[in-house]
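For the sequence shown, my numbering assigns the number 1 to the initial residue and increments by one for each residue that follows.
These are calculated hints, taken from the structure and not from any lab test.
Hints are not guaranteed to be accurate.
[Stated by the list, open to error] Derived pair list, reagent style DSBU-like, types lysine-lysine, alpha-carbon separation capped at 30 Å: (1) K284 / K298; (2) K298 / K270; (3) K312 / K277; (4) K284 / K179; (5) K336 / K305; (6) K279 / K312; (7) K203 / K149; (8) K248 / K305; (9) K279 / K248.
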Amino acid sequence: MSRKQIFANLGTPGTDNNDTTPERSRPRIRPILGSPELVTDVLNSPVGMIGQSLNEVSERAKRAEAIEKQLAEGLTIVSLDPADIDPSFIPDRMPASEEADAGLVEAIREQGQQVPILVRPHPDFPGRYQVAFGHRRLRAVSSLGIPVKAVVRDLSDEQLVVAQGQENNERRDLTYIEKARFAQKLQMRFPRDTIMAAMSLHKGDLSNMLSVVGRIPEDLVDLIGPAPTVGRRNWMDLADQLSSSQVKEAARAYVSEPAVASLPSEERFKALLDFLKPKAQAKKTGVWSSDTGRRLAKVVESDRKLDISIDKNEAPEFAEFVLEHLQTLFAEYRSKQ
Numbered sequence: 001m002s003r004k005q006i007f008a009n010l011g012t013p014g015t016d017n018n019d020t021t022p023e024r025s026r027p028r029i030r031p032i033l034g035s036p037e038l039v040t041d042v043l044n045s046p047v048g049m050i051g052q053s054l055n056e057v058s059e060r061a062k063r064a065e066a067i068e069k070q071l072a073e074g075l076t077i078v079s080l081d082p083a084d085i086d087p088s089f090i091p092d093r094m095p096a097s098e099e100a101d102a103g104l105v106e107a108i109r110e111q112g113q114q115v116p117i118l119v120r121p122h123p124d125f126p127g128r129y130q131v132a133f134g135h136r137r138l139r140a141v142s143s144l145g146i147p148v149k150a151v152v153r154d155l156s157d158e159q160l161v162v163a164q165g166q167e168n169n170e171r172r173d174l175t176y177i178e179k180a181r182f183a184q185k186l187q188m189r190f191p192r193d194t195i196m197a198a199m200s201l202h203k204g205d206l207s208n209m210l211s212v213v214g215r216i217p218e219d220l221v222d223l224i225g226p227a228p229t230v231g232r233r234n235w236m237d238l239a240d241q242l243s244s245s246q247v248k249e250a251a252r253a254y255v256s257e258p259a260v261a262s263l264p265s266e267e268r269f270k271a272l273l274d275f276l277k278p279k280a281q282a283k284k285t286g287v288w289s290s291d292t293g294r295r296l297a298k299v300v301e302s303d304r305k306l307d308i309s310i311d312k313n314e315a316p317e318f319a320e321f322v323l324e325h326l327q328t329l330f331a332e333y334r335s336k337q
């Protein structure tokens, strides 16, 4: 699904997206302001109410009116002040460094913002907006001190996260663990059907993703970082290793060591996984011989077991003798305990 299709598939809350009835002109209540009373009362307020707060409301009304005029004329892409835009209520990315965004900043500086972000009128703060998708573009444009190109749509919470998730699926740079954390946060507010629609996941895939992220402490994921090259199987391996609170504490301490913390995120992950996996000890191999030098048995010892192998071609009678006397040997061992 392309970004253009994502924009096209967004309907008005409570309506059917397949409805082909021509859209009526926008009502005068100015939903961008979020409060019709603020608009109708501005010019008719008593003189005593005129002050700083009224000036602020008036400025917001003018901005909203200009934006709605563009929308009414069919210009769906508008310019907004980045300072008036807040992030989505559910983050989909781990905090990025300035270096990570440097490439995008330079691209916008040289070529301009090619793709608009999607925002909605903020449900709690009139005159402000909330991002559905385009957080990196918003940061980049904000750092350049220029307006951001945006599509403004009235979206319910559910429509916002579905648009946010679908746009995520179009990106190749959102990592497995970032997607998993996004799904985990969605689970706190939305049913599974909504999450599957937002992330284009089957039920089994979503369950596996939530299981993996649910077994890894959130603060440990923060210490590791997004790990761009690390996929599902490796994160599952890490989750399997974190079998106790003691192991989790050891993992936190190891990743916090300066030498490990300074590594790139994916190398930090690999170093931690190697640290947690049990180390296979080298096996000790030897030959047991009689006092005459006859090779009677091969002995292989590891940290978990001892193998004694008797070659029946060399000493068949001895092999039978050992087998017959195992019970006696064990009884003698027990008597000395």
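ask   = For which of the previously enumerated hints does the structure constitute a violation, in increasing order of number?
value = The structure conflicts with hints 2, 3, 4, 6, 7, although it agrees with all the remaining ones.
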